[in-house]
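In order, the protein sequence lines correspond to chains A and B.
Counting with the working numbering, you get residues 1 to 376 for the letters of the first sequence.
Counting with the working numbering, you get residues 1001 to 1246 for the letters of the second sequence.
Looking from chain A toward chain B, a few residues come up when the C-beta cut is under 8 Å (computed):
#, residue
1, T103
2, R106
3, V357
Quick caveat, the hints were computed from the structure, so don't treat them as lab data.
Quick reminder that beta carbons are idealized off the backbone N, C-alpha and C, glycines included.
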Amino acid sequence: MRCNCYIPSGCAISGMMSESGERMDGNAIIRSIALMHDRSNGLGGGFAAYGIYPRRADQYAFHMMFDNMEAKEKCEEYFNGTFDVVLDEKIPTRPGAVFEEDTSGRYPEYGTQPIINPPILWRYFIDVPEDKTKFISEREYVVENVMDINSNVDGAFVASSGKNMGAFKGVGYPEDIGVFYKLDEYKAYIWTSHGRFPTNTPGWWGGAHPFCLLDWSIVHNGEISSYGINKRYLEPFGYKLELRTDTEVVAYLFDLLVRRHKLPIELAVKALAAPFWKDIDKMPENERKIITAIRQVYGGGLLNGPFSIILGHSRGMVGFNDRIKLRPMTCARKDDMLYMASEESAIREIAPDLDEVWSPRAGTAIVGEMNGEVEA
Amino acid sequence: MVMTIDCKGMYYRKLNKMTQNAVAEGETEFVLDNVNGQRYIGNGINEKVKITINGVPGNDLATFMNGPTLIVNANAQDSIANTMNSGKIVVHGSAGDVLGYGMRGGKLYIKGNVGYRTGIHMKEYKKQIPVIIAGGVAGDFCGEYMAGGILVILGLNKDDDTPIAGDYFGTGMHGGVIYVRGDIDESTLGKEVSIQELDKKDDKTLKKHLTEYCEHFGLDLDEVMSKPFVKLLPVSSRPYGNLYAY
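Could you put together the complete structure from these sequences and hints?
See below:
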């Protein structure tokens, strides 16, 4: 896969959610992230979308990236003994795509960077055979196999593996990536997006955000300085960190803490962006005991370094910052819509009149939750 | 003459070039409509022009600004007035993080709340004294490493549970003064500052600046002044003088 290293800094994130479950096409999220064009440098862009496959909502949708046909064949061989593939097809794309709308965040006069040289992009709708889940849960089985493919099937990477959702990502500016993947043709009740400005790690298709596992998706602005500690903590639980970038740990930490250990999401956020001990000392006794226990048990999951993160999952969207707010995040509401972005203007671009706009406090989760059923 | 520019969909380089060229040709007043996210507005202009901004301006508003008056009729984003030298910014909304970083002159008036790291590394030289006034509350690290200037946090319309400023208030401060309307939780203060009563000179300074502030936002000065203020002063001009001197 194409692997580039240019200049360092920045990143942009934006997310939008209809809490009533109404599905919207991808044009708005593309415009929102396009406004923050200058926060990225063309080495990565991506989107996560929830609710896009209503007719195949019961199957795991695997969005795959293959370096070549050989990798695709090897992976399909792997699938053969592992899953029931109900349908597989090319992920529709517009090669050479460029976002052409005018926004105040970008100006074509300064050059465009069409999306070229993608890997082979293929999606598989998958059932888990019943005999595979005698001793292990279905989702655990899927996770194990995602890890196995990423580390053992040469040239094959799982971009996303959840139900009724998918990741669309690659090397390029995010708005161009959005046009490349024809996101205008999908409808989702949650969209998150990311424009990348890689700092320490290469810009390659598999390393673009979002990072996904099952229905978890993570977009992240910043840097996880504790990557090494988090990686060592996750590996004994069976997670394999193969994507050459720090953000990957966040997706797996939510899978571990929320899916496997069944922590409420707010408490999981308190483990990852934990309050300082001096503030814990001031808490009422019951809360102090809980947070102390969380910090003691999940010390290896504590995220250090600057970050603002949007987590997506099938029932909601969660935004949070590092403990001293070293990266920006603005949230807003309008009717049943919840928005989160690196800049307020990125929200105003798609929703000029808002009911409420605010910047969350450091280390505090802003939680969007579905209050209805997904529109079919 | 007032020059009105419709900024919808306009990239910041084009917008700023237009205003800078017009100033060079003698234009003194601008109205920028449909602004959304354009960066660096007010930069690179050394004249006392007036720029009214309708919409949310992008990051780095008024960086190194030297002279203009900016009126923002919306919220503003991060990094306003970085190393600003002179002029005035009036924001009729709230503003984001890192306001007035290393600011060395001029005025920054915010009607609403300010984010994290307001006024860090602010400085002054003789009569050149920068002033930041925030009508609402401030986030953490307010006035961190402040070396000069005047920072005022008013906490207007805040409820009783909301602290007027966040944690690490005035940490590492070694010059200038912070005026706070109402009480401060001492546990949020940096070790390098102490709370003190205002003297007559303070009252005069504060009243002068607040009079101008209240005029901009249509506030009642007496009401703003009706609640007692305290001030934060550095306890040492060189708090870290001995840090590495072992």
